[in-house]
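Dock chains B and C against chain A, hints included.
One letter stands for each residue in the lines below.
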Amino acid sequence: MLPIIGALVVLVGAAFMVLAAIGIIRMPDPYNRIQAGTKASTLGVVLALIGLGIYEIDLLPKLIVIALFVLITNPLSSHALARAAHAAGVPLADETVRDELAAARAPKVIEEETAS
Amino acid sequence: MAEIILVTALGLAAVALIMGLYRLLAGPCTVTRAIALDLLTLITIPLLVGAAVWAGRAVYVDVALVYGILAFLGVLALARYLEKGI
Amino acid sequence: MIFVDVLVCAAMIATAIAAVFQRSLISAVIMVGFISLMVSYLFVRMDAPDVAMTEAAIAAGLTTVIFLIAIRRTEDTESGDKE
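Chains as they are written, first to last, in my numbering: chain A, 2 to 117; chain B, 494 to 579; chain C, 551 to 633.
Errors might be hidden in some of the hints.
[As the list claims (entries may be wrong)] Covered by chain A, according to a simulated footprint, are these stretches of chain B (three or more residues, beta-carbon under 8 Å):
# : region
1 : 513-520
2 : 536-548
[What the hints assert, rightly or not] Residues from chain B that face chain A, not an exhaustive set, calculated with beta carbons under 7 Å:
# : residue
3 : A495
4 : I498
5 : A509
6 : T525
7 : V554
8 : L558
9 : L575
These are calculated hints, taken from the structure and not from any lab test.
Idealized CB from N, CA, C, for every residue including glycine.
Here chain A stands alone, though its shape is the one from the complex (with noise of 0.2 Å):
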């Protein structure tokens, strides 16, 4: 009985891990590229493993450690890519309608230029 949930588990996470690729493909700048990937991939990856612990029961703790470690360091990474891509300059999708990070910046910019 233990093997078929453990299989399940592993389906379920192999099915969100396609629904990011959907996302990644399917999403028009590179920020909703990153909103819809990294959290349906890091959600599948994670139940995945967890899946595969309960498949072979041996293997778990490691596998719970690898599942730690993907929650610590993926939303990380997303973020360091989103920040680098905002300021690289990366143009947003027409549909935005307001953008705080740069209404967060500007100003900043304008009292160094008029202090110096």
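Just chains B and C, lined up with the frame of chain A:
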């Protein structure tokens, strides 16, 4: 029964790999390619664990552990380069 | 499991060809990183986990950073044209 479900999940992971590969090869800008590399790294970690389960050796999981720890350093270096240069 | 191996080999060949014809050098570095990722997976499939671990550590962490530093010191794109 469980093996059939696992092979189906493997096929779904292969489909996700193909889609991410399309975005890696045809991405319009460099940031998009970095995002696709991030996703492909994440998809490969369960594939490595699946290869370990398939071979029946618990030692092979260590490769996935090392990759999970170290792979995000490359993406972090890329992001830092794209933001202001190393 | 064998069809994933065939898919990985085909993906490596396609990515290598695309990396050769890429104008932006950062994109080529990203593609080389993907190729080393797939090489690590193939090493695991060929029952060589220690080689795969070394490949993962060196290629994921070190090679990308060294390539980026080298590109930083020189030109960003090939023959000076913008992406």
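Now for the hints, and whether the structure bears them out:
1. 513-520: holds (count 3)
2. 536-548: holds (count 7)
3. A495: B/A495 check passes; min Cβ-Cβ to chain A is 4 Å, inside 7 Å.
4. I498: holds, 4 Å
5. A509: With Cβ-Cβ at 4 Å, under 7 Å, it holds.
6. T525: Cβ of B/T525 sits 5 Å from chain A, so the hint holds.
7. V554: With a closest approach of 5 Å, the B/V554 hint holds.
8. L558: For B/L558, the interface hint holds, since the closest Cβ of chain A sits about 6 Å away, which is under 7 Å.
9. L575: holds, 4 Å
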